[in-house]
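These protein sequence lines are chains A and B, in that order.
So in our numbering, spot 189 of the first sequence is number 189, and the numbers just go up one at a time.
So in our numbering, spot 264 of the second sequence is number 264, and the numbers just go up one at a time.
Treat the hints with care, since some could be wrong.
It does not matter which identical chain is used: a pair holds within one copy or between any two.
Said to hold, decoys possible - Straight-line C-alpha distance at most 30 Å; calculated DSBU-like pairs for lysine-lysine:
(1) Lys208 / Lys191
(2) Lys165 / Lys68
(3) Lys92 / Lys208
(4) Lys208 / Lys21
(5) Lys186 / Lys21
(6) Lys191 / Lys233
(7) Lys21 / Lys47
(8) Lys68 / Lys143
These are calculated hints, taken from the structure and not from any lab test.
Protein chains: 2
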Amino acid sequence: MSKKKPADVVVVGSIGIDTIKTPWEKRESILGGSASFACAAASFFAKVGMVGVVGSDFPADYRALYKKFGLDLEGLQTMEGETFRWTGVYEKNMDNRRTICTELNVFASFMPVLPPSYLDAEFIFLANISPSLQLHVLSQAKKPRFVMADTMDLWINTARDDLLKVIGRVDLLTLNESEARHLTGKSSLVKASRVLLEMGPRYVIIKKGEHGSILFSHAGMFLMPAFPLEDVKDPTGAGDSFAGGFIGALSASGRITEHAIRRAMLYGSVVASFGVEDFSLDRLATLSRKQIQQRADLLREMMRLR
Amino acid sequence: MSKKKPADVVVVGSIGIDTIKTPWEKRESILGGSASFACAAASFFAKVGMVGVVGSDFPADYRALYKKFGLDLEGLQTMEGETFRWTGVYEKNMDNRRTICTELNVFASFMPVLPPSYLDAEFIFLANISPSLQLHVLSQAKKPRFVMADTMDLWINTARDDLLKVIGRVDLLTLNESEARHLTGKSSLVKASRVLLEMGPRYVIIKKGEHGSILFSHAGMFLMPAFPLEDVKDPTGAGDSFAGGFIGALSASGRITEHAIRRAMLYGSVVASFGVEDFSLDRLATLSRKQIQQRADLLREMMRLR
Chain A
1 MSKKKPADVV VVGSIGIDTI KTPWEKRESI LGGSASFACA AASFFAKVGM VGVVGSDFPA
61 DYRALYKKFG LDLEGLQTME GETFRWTGVY EKNMDNRRTI CTELNVFASF MPVLPPSYLD
121 AEFIFLANIS PSLQLHVLSQ AKKPRFVMAD TMDLWINTAR DDLLKVIGRV DLLTLNESEA
181 RHLTGKSSLV KASRVLLEMG PRYVIIKKGE HGSILFSHAG MFLMPAFPLE DVKDPTGAGD
241 SFAGGFIGAL SASGRITEHA IRRAMLYGSV VASFGVEDFS LDRLATLSRK QIQQRADLLR
301 EMMRLR
Chain B
1 MSKKKPADVV VVGSIGIDTI KTPWEKRESI LGGSASFACA AASFFAKVGM VGVVGSDFPA
61 DYRALYKKFG LDLEGLQTME GETFRWTGVY EKNMDNRRTI CTELNVFASF MPVLPPSYLD
121 AEFIFLANIS PSLQLHVLSQ AKKPRFVMAD TMDLWINTAR DDLLKVIGRV DLLTLNESEA
181 RHLTGKSSLV KASRVLLEMG PRYVIIKKGE HGSILFSHAG MFLMPAFPLE DVKDPTGAGD
241 SFAGGFIGAL SASGRITEHA IRRAMLYGSV VASFGVEDFS LDRLATLSRK QIQQRADLLR
301 EMMRLR
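Work the whole structure out from these sequences, hints included.
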């Protein structure tokens, strides 16, 4: 019996069937969810173990797509019932998104379990799910070397205490600028980051969408721009792709240094920039490691002062 | 009779007495205008000749402040009547500004004239004034080596033909992102920049406020971040300070290469970041070349991938 290759990176998060309307186009019942984007993005750099739940209605095509990304699906539970569904609409400038409808379905009773081959993973990404589930995953991991967590406004409002426990136990917290302001009550991101670092994590990455992201640590800041795109077809999942690409690249580097983290942000930014060029995982599904490297070289050149 | 030092950089633009209300503070009758900010910012790097107009009511203190920045004021006309006045209000997030009142006063009949000591200046910044006045200045310069122009929505709406003439005659066009979209009809900045480059300039810099600026040329892009600040007291004039710091630093470098332009953007970004830390020219008035260099080194480090 051949021994299974253990996961380098474990990602827990949501898996959803999305309906998305942009000012130009509408797509129904497409694959989404924070774990879908993060796992696909990380898969370019590392062996990824997925932890999530789908319903008995989950299309075989979508499962096949996960397999195409080389994901380890042992941690993917299938429960009787319907898969989580989300409907969102983007307004004219694409930077304002409204949630029209959320149906938790099987997600309501989800309890994540790490299979044996995930237990020794050193890199763990707690993508956007409830903080109590994030904590439950964390309690199972045997030797996490680097844990990062994402969150959203909903948990800041409804599960603040658990969220603060998560933040106190991770190496890196990532969240978007409005969430950082909301969680800390500070409108200046520099001030907000100081409050967040005091909550425990060594690193905080504040995501600013098309304007890139900022890494904060006690050592200072790093300003990672987004790759400027001609067309953005669907920004859904950009933050998850960024985080997934980031932790995949960081795991591949094998080091957790300021330099390695900056470089991993470059790759996260690049993978996210490809992701938004099409709906769902469509662009990531045809993306090659070579295309990622080419754009990373280009973006690096666009940041170069000398 | 000692020969006067000729100007390295000539700046033409508006000079105004501003009343500004932010969510936290209101200031009345403070010194403003595109030429004020741009000249002050450029003065840290070069000998600057100012071209503009004030009324007979222009306070002696403000003229003394110009002198303190070492500006050559031979091109500053004083006309019978009142100085240009502008009143603006910033909304809660500081990124939306409403003009409450504009009184052109002496500006209505202004005709810029370059004094002899300005005629040989190699670097010219046509800051935000009407395109016909920008053209009038350009027609007087004897050996401009590098001309850059800024503009605003008003001229895109009311003087588009003259504006296109200006754009066709400059080396570098700078404008903010909403103006770039407005002028070109393209919502993507990458697409907008392509249209703008086709209008004539070799370089286009699109300003994105707190999110930095992007340099576009036929060679590609450069992404210059803004320095992340804890507090922004008054964003008025940030774009003008950026442009002034930029052309001053470029002139001081003596070269017009991609490298020199990128480096000048670093200095423009740094001077602008100081400028918004206080109202009017208050922070620039106490700023030292050493403080600029320290922040430039810090910002450079924040952009460094390796």
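*Evaluate Lys208 and Lys191 at a C-alpha cut-off of 30 Å and name the case that applies: within, between, both or neither.*
both (16 Å within a copy, 21 Å between copies)
*For Lys186 vs Lys21, is the C-alpha pair at or below 30 Å within one copy, between two copies, both, or neither?*
So Lys186 and Lys21 pass the 30 Å test across copies only (21 Å; inside, 32 Å).
*Checking Lys21 and Lys47: alpha-carbon separation at most 30 Å within a copy, between copies, both or neither?*
Answer is neither: 33 Å inside a copy and 55 Å across each miss the 30 Å cutoff.
*Taking 30 Å as the upper bound on the Cα-Cα distance, should Lys208 and Lys21 be classified as within, between, both, or neither?*
both (21 Å within a copy, 27 Å between copies)
*Checking Lys191 and Lys233: alpha-carbon separation at most 30 Å within a copy, between copies, both or neither?*
between (33 Å within a copy, 15 Å between copies)
*Alpha-carbon proximity context of Lys165 and Lys68, limit 30 Å*: neither (35 Å within a copy, 55 Å between copies)
*When no copy is specified for Lys68 and Lys143, does a C-alpha distance of 30 Å or less occur within a copy, between copies, both, or neither?*
For Lys68 and Lys143, only the intra-copy Cα distance (28 Å) is at most 30 Å; the inter-copy one is 62 Å.
*Have a look at Lys92 and Lys208 and pick one of within, between, both or neither, based on CA distance no larger than 30 Å.*
This pair counts as both: shortest intra-copy Cα distance 18 Å, inter-copy 19 Å.
Of the numbered hints listed earlier, those contradicted by the structure are 2 and 7.
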